[in-house]
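*Asks:* Sequence:
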Amino acid sequence: MMQIAVLSGFVLAAFAPLLYRWLGQRTAAIMALYPLAIVVWLLAQWPTVVGGGDPVWLEMAWVPGMDITLTFFIDGLGLLFGLLIAGIGALVLVYAGEYLRGHPDLPRFLVIITAFMMSMLGLVLADNLVTLFVFWELTSITSYLLIGFNHTDLSARKAALQGLFVTVAGGLALLAGLVMLGVAGESWSLAELATRGERLRGHDLYTPMLICLLLGAFTKSAQFPFHFWLPNAMAAPTPVSAYLHSATMVKAGIYLMARLQPSLGGTELWVVTLSLVGGVTMFTGAFLAIRHTNVKKLLAYSTVMALGTLTMLLGIGTEGALIAFVTFLLAHSLYKGALFMVAGILDHETGTKDVTAMGGLRALMPLTSGVALVAALSLAGVPPLLGFIGKELMLDSVLGASHFMALLLLLAFMAAILTIAVAAVVALRPFFGEQRQTPRAAHEPPLAMLLGPAVLAVASLLLGLVPGGLDRLVGVTVAGIGAARAGDVHLALWHGINLPLLISLVALVLGWVTYRRWDRVRARLAYLDPLMARGPEAGYDAVMTAIVRVAEWQTRALQNGYLRNYLAMTLLVLVGLVGHAFFFRHAPQFAFSVDVYLHEAVVAGLMIAGAVTACLMKSRLAAVAAVGVMGFSIALTFVLFSAPDLAITQLLVETLTVILLVLVLFRLPRFANLSAPTERLRDLVVASAFGIMVTLLMLAVLGGERLPRISDYMVENSQPLGHGHNIVNVILVDFRALDTLGEIFVLALAAIGVYAMLRFHAAAPGGRQPTPRREEDDG
Numbered sequence: 012m013m014q015i016a017v018l019s020g021f022v023l024a025a026f027a028p029l030l031y032r033w034l035g036q037r038t039a040a041i042m043a044l045y046p047l048a049i050v051v052w053l054l055a056q057w058p059t060v061v062g063g064g065d066p067v068w069l070e071m072a073w074v075p076g077m078d079i080t081l082t083f084f085i086d087g088l089g090l091l092f093g094l095l096i097a098g099i100g101a102l103v104l105v106y107a108g109e110y111l112r113g114h115p116d117l118p119r120f121l122v123i124i125t126a127f128m129m130s131m132l133g134l135v136l137a138d139n140l141v142t143l144f145v146f147w148e149l150t151s152i153t154s155y156l157l158i159g160f161n162h163t164d165l166s167a168r169k170a171a172l173q174g175l176f177v178t179v180a181g182g183l184a185l186l187a188g189l190v191m192l193g194v195a196g197e198s199w200s201l202a203e204l205a206t207r208g209e210r211l212r213g214h215d216l217y218t219p220m221l222i223c224l225l226l227g228a229f230t231k232s233a234q235f236p237f238h239f240w241l242p243n244a245m246a247a248p249t250p251v252s253a254y255l256h257s258a259t260m261v262k263a264g265i266y267l268m269a270r271l272q273p274s275l276g277g278t279e280l281w282v283v284t285l286s287l288v289g290g291v292t293m294f295t296g297a298f299l300a301i302r303h304t305n306v307k308k309l310l311a312y313s314t315v316m317a318l319g320t321l322t323m324l325l326g327i328g329t330e331g332a333l334i335a336f337v338t339f340l341l342a343h344s345l346y347k348g349a350l351f352m353v354a355g356i357l358d359h360e361t362g363t364k365d366v367t368a369m370g371g372l373r374a375l376m377p378l379t380s381g382v383a384l385v386a387a388l389s390l391a392g393v394p395p396l397l398g399f400i401g402k403e404l405m406l407d408s409v410l411g412a413s414h415f416m417a418l419l420l421l422l423a424f425m426a427a428i429l430t431i432a433v434a435a436v437v438a439l440r441p442f443f444g445e446q447r448q449t450p451r452a453a454h455e456p457p458l459a460m461l462l463g464p465a466v467l468a469v470a471s472l473l474l475g476l477v478p479g480g481l482d483r484l485v486g487v488t489v490a491g492i493g494a495a496r497a498g499d500v501h502l503a504l505w506h507g508i509n510l511p512l513l514i515s516l517v518a519l520v521l522g523w524v525t526y527r528r529w530d531r532v533r534a535r536l537a538y539l540d541p542l543m544a545r546g547p548e549a550g551y552d553a554v555m556t557a558i559v560r561v562a563e564w565q566t567r568a569l570q571n572g573y574l575r576n577y578l579a580m581t582l583l584v585l586v587g588l589v590g591h592a593f594f595f596r597h598a599p600q601f602a603f604s605v606d607v608y609l610h611e612a613v614v615a616g617l618m619i620a621g622a623v624t625a626c627l628m629k630s631r632l633a634a635v636a637a638v639g640v641m642g643f644s645i646a647l648t649f650v651l652f653s654a655p656d657l658a659i660t661q662l663l664v665e666t667l668t669v670i671l672l673v674l675v676l677f678r679l680p681r682f683a684n685l686s687a688p689t690e691r692l693r694d695l696v697v698a699s700a701f702g703i704m705v706t707l708l709m710l711a712v713l714g715g716e717r718l719p720r721i722s723d724y725m726v727e728n729s730q731p732l733g734h735g736h737n738i739v740n741v742i743l744v745d746f747r748a749l750d751t752l753g754e755i756f757v758l759a760l761a762a763i764g765v766y767a768m769l770r771f772h773a774a775a776p777g778g779r780q781p782t783p784r785r786e787e788d789d790g
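The numbering of the sequence shown is my numbering, which starts it at 12 and goes up by one.
Since the hints were made in silico from the structure, they are not lab data. Any given hint could be a false lead.
[To be verified] Each computed BS3-like pair below joins lysine-lysine, with the alpha-carbon atoms no more than 25 Å apart:
1. LYS629 x LYS308
2. LYS308 x LYS169
3. LYS364 x LYS308
[To be verified] DEER-style ranges, computed between Cβ atoms:
4. GLY550 x ARG168: 18 to 26 Å
5. GLY550 x LEU421: 24 to 32 Å
6. HIS454 x GLY277: 52 to 60 Å
7. LEU421 x ASP215: 31 to 39 Å
8. ARG575 x LEU769: 40 to 48 Å
9. ASP540 x ASN571: 42 to 50 Å
10. ARG168 x LEU504: 42 to 50 Å
11. PHE443 x TRP68: 24 to 32 Å
12. VAL623 x ALA759: 30 to 38 Å
13. ASP365 x LEU588: 31 to 39 Å
14. ASN571 x ALA759: 24 to 32 Å
Built from N, CA and C at the ideal position, the CB exists for glycine as well.
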């Protein structure tokens, strides 16, 4: 059932355009039933997962020859993420159907977002490392398509490429880390690796492995200094932003770090790196948020703040910090999904995203303003919302940190102040105060657009009032990341007057003051714009510019259109690499033999004469004849050394080549002296170096230690494995079938190219022959 839940979603995505043709605007709402069914199925696993039973498993052979399986499993962590992905996904689909009503590309949107949802679901349920990486990269590809959905918009395309480059670059590091993880842990199963923490933490590969894995997680989850791509991703339609920030994509890196906590966490490197990077990201996101007036940018940077908070809590790593991590994760998913959908409502109904251009909308949009207020209170961490409980647990965890406690507390306190101000801006500025004229006449949105944010906001309120209902879910999730058991977690709204509460109260007062002076604060922060322009994003732009310049340089230097230069460069690289390995990493022993028969020497002399003659001839026809002599001499060599099948092949190919060259080359102009003497000298040196290297290799092979011959294996297994007595045929068709397939493809492509040129020539006006080119020749 699990593989059906994940893989059949891709089938549904493929059929979305056809469904849209049948169902029209109702397609999105009907497709939302699929993730809703997944939610029901996941809840059906609740008794098994929460009751302390074994995780629900599914294993299916994928690439048996490489011991790669398509393996999924559900534990507490996977269950929580799966519920968030499918549950919020269903609400986003309903919301998107109304938000994009009448959009000509709505079917395409449904295809991509459904595939995105299934990619994320497969990622959080995957057990095999290879399976996890495949779904990881699928989320990058589908998010790229979603961010660049408005493909006619240059900024959307640029933001999509930026997000793709950053996350895929991190994905390459992740791939290296996963390979090292599998090798060091001697398993490709995440569940098994979680039980081998001592071996992994003591392994020589631990440091490079952890660095690679964290690079993948940090780029995906927009940790400093890779945070810049996430706010730029707001070029996507608002349903994408709501889903991306609440339950998918950016949470993938957080999920990976949580999943690896039991196996890799607890070391000095883990604690220091995650604590510092998370703390800096937390403050950076809150600080950058307060500078913007675009409601989506405000929320995007507050997401960066939340992602940094979650990373910091994983770095602290205590049992209380992991409980705070799960609670804060759930709270953030609820209020951030609601707030982004509210942002989309404001844009959809007013025609602007600028909060300074809005005001007094509460009278026109009372339901929307109520939903926004509840969700923003959770963002600010005000009781009795779930966000308050998550923030209190976070502050309490920071106070118990074993490393950098004072610094992390300062960063958390400052981030809390700025986040409260951001929440107030989002909840109050558009809806209260003097009513402003907006580009569109504002009114309440349709029910389909209000349903999603209302459900998430109400859930934030109810779970804040009755947090005990989350005890078992939080407990079993924390158990999945290596801490408490389900019965050890007791969430509560009130813990008495303590230091975290006092810090929250002070932050609340200072945050309110910051909000009241927001315009003045933004004006002061504008002085930092020159400094901000030299931040990490400028570094990204510099790297991309450098890549383009290097590409232009190497194109001018290497890919300049001259076949002679291509061949010379290829041979030089081959001589350099092979020669270095040959002479510096090995001690070759050369064997010389003069046991040569006269007829063998004559054949060798013919080959040499043919090669030299081809180089000296100024007539194309004579050069072709000389090349033919050399080719036929090679065929004769095969005959002399008992390889008649190769000789026949050589003869056929050589004959066909000579005929084709004669038919084609006589139409070209005569040879011209296009090479300077220094260039001809260079070519002579390159050719000589390559010839000497090949000669020395052959002599070393003859004089070196004899290894078992590959041909012995071919002879022994030709009939048993390939069911053929012709060994050459079996090698071509069975043992190296893919190589042969590639050769067939190349030949077919060449034939198509020749056919196309002939048709083009025949279609020329009047059947006239094209004028021969005289400006350059490679002869």
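*Asks:* Which earlier hints can't be squared with this structure?
*Replies:* Checked against the structure, the hints that fail are numbers 1, 8, 11 and 13, while the rest are satisfied.
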